[in-house]
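Visitor: Each chain, written out:
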Amino acid sequence: MPESGICTITVDGKQLLGVPGLPLVEFLAGNGIDLPHICYHKTLGALQTCDTCWVEVNGELRRGCTLKAEDGLVVDLDGDNASNARREGIDRIVARHELYCSVCENNNGDCRVHNVVRQMDVPYQRYPFRPKPYAIDDSHPMYRYDPDQCILCGRCVEACQNVQVTETLSIDWKREDPRVLWDGGEKAGESSCVSCGHCVTVCPCNALIEKSMLGEAGPLTAMPRSLKRPAIEFVKEIEHTVGFHPIFALSEMDEAWRQSEIKKTKTVCTFCGVGCAFELWTRGRKILKVQPVEEAPVNGISTCIKGKFGWDFVNSDDRLTTPLIRENGRFREAGWDEAYALIARRFTEIRDQHGPDAMMFVASSKCTNEESYLMQKLARAVIGTNNIDNCSRYCQAPATQGLWRTMGYGGDGGSISDLEQAEVILFLGSNTAESHPVLATRLKQAHKHRGQKHIVFDLRRHEMAERADIFLRPKPGTDLIWLSAVSKYILDHGLEDEAFLKEKVKHLEEYRKSLEPFTMEYAEEMTGIAASRLEEVARTLAAAETLCAVWAMGVTQHVAGSDTSTAIANLLLVTGNSARRGTGAYPMRGHNNVQGCSDFGSMPDRFPGYEFVSDDEVRARYEDSWGVKLSTNSGYNNHTLVEGIHDGKIKSLYIMGEEMAIMDADAHYVQSAFDKLEFVVVQDIFFSRTCEHADVILPAAPSLEKEGTFVNTERRLQRLYQVMEPLGNSKPDWLIQTEIARALGADWDYPSPREIMEEAASLAPMFAGVTYERLEGYKSLQWPIAADGTDTPHLYLDGFAFPDGKAKLYPLEFTPPSEQTDEEFDLHVNNGRLLETFHEGNLTHRSAALRSQVPMNFVEVSPQLARKRGIQSGSLVKLISRHGEIQVRVLVTDRVEGKELYIPENATDNIRAINLLTSDEADKDSDTPAYKEIAAKMEVLEVDGESPLPRQNFRFWKPTPIEGVRTELKWQRPDYVQPPKPAPHPEKF
Amino acid sequence: MAEAIHYEVPPPREGNTARQELDCLVENLHDQGILRFLNDFLSTSPEVSQILMKGLNTEESRNAVQNLLLIAIALGRIPPERFAVLTRAFTEGLNKMEEAAGDGKAQDAPGLMGFYRLLHDRDLWQGLRPIIAGVKGFSGPLREPPEKPVIKRHDESGNGKKPA
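Those sequence lines, one after another, are chains B and S. Going by the UniProt record's numbering, the first sequence opens with residue 1, and the numbers climb by one from there. Going by the UniProt record's numbering, the second sequence opens with residue 1, and the numbers climb by one from there.
None of these hints come from the bench; they were simulated from the model. Each hint should be verified, as a subset may be incorrect.
Some, not all, of what chain B presents toward chain S, calculated at C-beta under 7 Å [unchecked claim]:
{"id": "1", "residue": "PHE674"}
{"id": "2", "residue": "PHE687"}
{"id": "3", "residue": "GLU692"}
Label-pair restraints from in silico Cβ distances [to be verified]:
{"id": "4", "chain 1": "B", "residue 1": "PRO224", "chain 2": "S", "residue 2": "GLU99", "range": "49 to 59 Å"}
{"id": "5", "chain 1": "S", "residue 1": "GLU47", "chain 2": "B", "residue 2": "GLU252", "range": "34 to 44 Å"}
{"id": "6", "chain 1": "S", "residue 1": "GLU99", "chain 2": "B", "residue 2": "THR265", "range": "29 to 39 Å"}
The structure displayed is predicted, hence computed values, not measured ones. No residue lacks a Cβ here, since even glycine has one placed at the ideal position from N, Cα and C.
Input sequences plus hints: build the corresponding full structure.
Guide: Right, here's the structure in full:
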């Protein structure tokens with residue numbers, strides 16, 4: 001971090017002002033001076049490999065990227081020594097990198113090599129270019145490495161080792177001809193590479209490039225290689241005579257005309273709740289690439305495999321592009337007007353016949369805040385029911401419940417920056433590296449570079465567990481016990497934050513009393529974790545200056561999910577780890593807008609901003625605005641609606657963008673309920689399993705085809721912009737909802753999502769200051785947001801969200817899991833996400849690149865169990881629970897242990913989907929299904945079969961962790977001499 | 001009753017990327033006025049072509065086109081390194097001439113003795129030698145009878161017989 005204040009430095013005799021501590025490159029840029037540089041990158045820092053930023057300080061040559069601005073610094077840029085050194089540096093670069101810009105996919109104005117050659121006015125090629133003794137590496141399905149174009153700047157290595165922290169890439173400087181390596185080998189496609197795309201994003205030229213760009217970026221890049229190579233050689237011959245200038249003039253013309261057809265649009269990712277924002281580069285409907293930018297508030301230059309490479313589903317051939325109507329036992333295509341008329345007629349008939357509460361509305365956590373707002377308004381104001389919910393019911397409602405009980409707000413206590421700063425992170429039931437990969441990179445960085453301590457409690461040895469300082473495996477469903485035992489130990493041994501408890505927390509004595517049963521002995525017996533290990537954890541947590549807790553569905557999807565979430569909050573309060581920077585509770589929101597969907601009112605009992613429908617004053621505000629009398633009846637939620645249908649209470653369902661038939665627990669029970677409905681409307685982008693039950697199917701538009709806002713896991717609102725027009729006859733969800741409301745007689749007239757947000761912000765105090773202007777570009781706001789636009793990156797700094805400002809310790813009892821293993825059902829089935837897939841897979845299964853990594857669903861089986869049952873990777877097994885059965889291939893791995901199984905949730909049919917095994921049991925306080933409580937038995941169907949994961953999948957390979965680029969090894973090469981001396985073999989390094 | 005029925009989404013009726021590209025091209029051509037120009041040109045093409053051909057079919061035009069092509073062919077026979085030497089020498093010569101013409105000093109005529117001394121100036125002689133050799137080389141072909149350039153080039157390459 002730069003020091004505060006302003007400093008003055010002297011550059012070529014001129015005095016310049018700027019922030020002290022800034023790298024000289026940035027300091028000069030702030031003063032309008034562009035010091036040539038290639039390897040320096042704001043996020044990656046000074047790599048010192050390119051040798052193009054030399055300056056002179058006190059007669060000594062220094063690299064401008066390593067110098068920090070300070071008062072009195074005198075820098076000579078234009079002297080012969082520095083100029084010659086920079087020229088020698090760029091001449092060496094051009095000896096390694098063949099300039100053929102007009103036919104290069106990277107000639108888009110942001111190629112660092114091109115730009116520096118042009119900036120330094122390099123007249124001709126001083127050192128001849130020589131091809132390297134390596135072929136192009138085409139083995140990775142998503143990107144390509146061309147050693148001939150690689151300048152060995154090391155940006156990719158630094159990004160992989162120290163930003164993403166997968167630690168796959170390295171440069172072997174000791175080779176005769178150094179090159180980038182993957183796990184020490186030459187094939188990117190057979191390595192531990194997780195395809196996050198960091199390396200491609202930061203590559204300053206075309207050495208690493210997205211395959212989606214190849215042949216597509218510019219008009220001349222489409223020429224076949226057989227033509228491109230002779231064309232390059234022809235121009236290179238001419239270049240000997242005319243030099244770079246006229247050739248560069250041509251390439252700049254090429255760059256200019258590319259700009260007219262390449263559209264760069266900011267969007268926000270929809271594959272998890274982290275909220276990565278980036279530019280999508282498109283030409284028409286063709287997606288050229290995803291380009292992250294440093295100003296993105298959450299992710300900067302980071303992406304994961306899905307965010308970087310997983311968007312081709314939007315152009316899938318089987319997108320729904322026209323309304324469908326059920327008729328005579330089949331679906332037929334229909335026009336919008338006909339579909340709307342049918343919906344209006346049937347909704348009206350059902351409401352008139354059975355009352356408004358016979359209808360249920362399901363909003364989508366993948367859709368925007370504006371669309372959530374409209375869905376609850378449609379249910380409440382147009383139909384007159386509070387039967388409205390969203391899929392946070394399936395994942396994080398228990399976490400919200402736990403935080404409402406103890407701290408007041410149902411959201412993350414701080415920001416991702418707080419997580420980065422914390423001394424200790426406690427992970428519970430969160431496979432962060434796969435479910436929230438970009439957030440995990442920040443924590444892996446803190447762990448690797450700053451020694452942040454990670455304590456992981458999980459059933460499964462995933463990456464965060466693998467890297468953790470302490471990894472403990474409790475018995476399934478027993479987290480509340482050890483959490484309470486640790487809290488009790490801390491209180492019993494006087495390790496609590498007494499001042500914090502006294503000043504900011506209530507109900508300590510009641511809570512202390514409730515902890516009496518939770519002795520260490522009891523905890524050891526129930527969780528299977530030795531008391532000594534739990535005591536070690538207790539002491540570590542109590543001693544931490546700053547502690548954050550990160551949890552996900554491993555905690556929440558139990559019959560006592562809310563209680564366990566509450567126990568986490570209790571522990572944080574006991575140790576004083578809330579309401580301060582670097583502390584707090586962080587339930588990881590799963591879908592991109594699962595936070596926002598609830599925030600904007602798609603819940604049965606709450607309006608936008610979590611105000612109660614039962615509150616007369618609040619309800620009156622909405623009644624005034626909407627001009628209707630609102631119902632106070634309690635509504636069904638996503639889980640209870642199934643029972644409501646079976647009981648004959650719910651007759652009609654309108655589902656927007658949710659695959660409920662597969663993703664709600666006990667899928668057979670859900671599907672048989674849907675069979676009973678009188679009228680079903682499903683709005684989606686693909687024909688899902690849920691669509692099979694529909695009477696009317698409305699083709700919607702995915703996020704890339706519409707505008708709006710999302711809220712990420714840290715309560716951050718961000719805008720997404722329309723990248724391309726809706727495909728075919730499909731429409732954005734907000735427009736469909738508006739037109740349905742109009743068909744039902746409402747006077748809705750929203751011209752765009754902006755006006756919807758204006759209305760929501762005018763009604764919900766939590767979003768009072770939200771405007772599209774304040775969210776322009778990469779600007780963002782974290783709720784609650786005051787009318788003047790002041791937002792809240794850190795909750796509770798001015799007190800907890802209760803009338804007296806004090807947090808509440810909440811006494812708890814242990815509730816055992818609903819499903820227990822026994823002699824017959826002897827296996828516990830855990831389940832969750834995979835890095836390469838999203839939810840059930842309706843989107844990611846349609847991405848060729850993603851599907852190449854995980855072609856099918858599978859069950860992870862421990863080596864011990866595999867031996868015992870005589871099975872191996874590829875064996876086909878039938879898993880039978882008390883509620884249903886599925887057939888899946890086996891993957892033998894030590895990520896699971898003993899009789900513990902793990903099944904990813906990525907399946908869209910009744911043969912493989914995990915929810916054929918789950919029960920209808922749910923969290924007693926929030927109705928979130930107990931997805932994680934499954935007992936099953938296994939039948940072996942086939943012993944031999946193909947492994948469900950291809951051998952190129954990253955899970956089979958071993959990374960090569962190092963500290964970074966190791967530029968010093970380059971300098972130690974016998975053929976390296978420091979510029980401006982001429983290099984004997986510049987093409988080699 | 002909403003019993004489940006399956007539906008196969010039909011594939012898109014047209015592979016529309018090429019069509020979109022074409023539409024885009026037509027739009028751009030229209031926006032830039034090129035379509036209008038081309039339409040105008042095509043609708044009057046017989047007349048315009050006649051005017052064009054009439055203009056091109058004069059002896060001066062034919063000579064100009066042929067001479068430009070000859071220059072291009074000659075340039076193609078000179079290796080770039082040699083041509084670079086020539087262009088550098090030519091530029092340098094021009095610079096010197098410009099200097100001499102522009103120095104503004106009155107220069108006395110050399111007179112007989114001066115001319116005699118110039119004849120013994122070794123540097124001057126070294127400088128004049130290539131020019132004299134060039135003049136000799138230049139005057140040789142000038143004495144040859146005029147021929148169609150293509151025949152000359154063809155014969156010199158040894159690929160065919162000189163026609164009778």
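Visitor: So, for every hint listed, does it hold in this structure?
Guide: Hints and how they fare:
The restraint placing B:PHE674 at the interface with chain S holds, with a minimum CB-CB distance near 6 Å, inside the 7 Å limit. Interface restraint check for B:PHE687: the shortest CB-CB distance to chain S comes to about 5 Å, inside 7 Å, so the restraint holds. The restraint placing B:GLU692 at the interface with chain S holds, with a minimum CB-CB distance near 4 Å, inside the 7 Å limit. A hinted range of 49 to 59 Å holds for the C-beta pair B:PRO224 and S:GLU99, which are about 54 Å apart.
Taking 34 to 44 Å as the suggested C-beta distance range, the pair S:GLU47 and B:GLU252 conforms, at roughly 40 Å. The hint said 29 to 39 Å for the Cβ distance between S:GLU99 and B:THR265, and at roughly 60 Å that hint is violated.
Violated hint: 6 only; the structure is consistent with all others.
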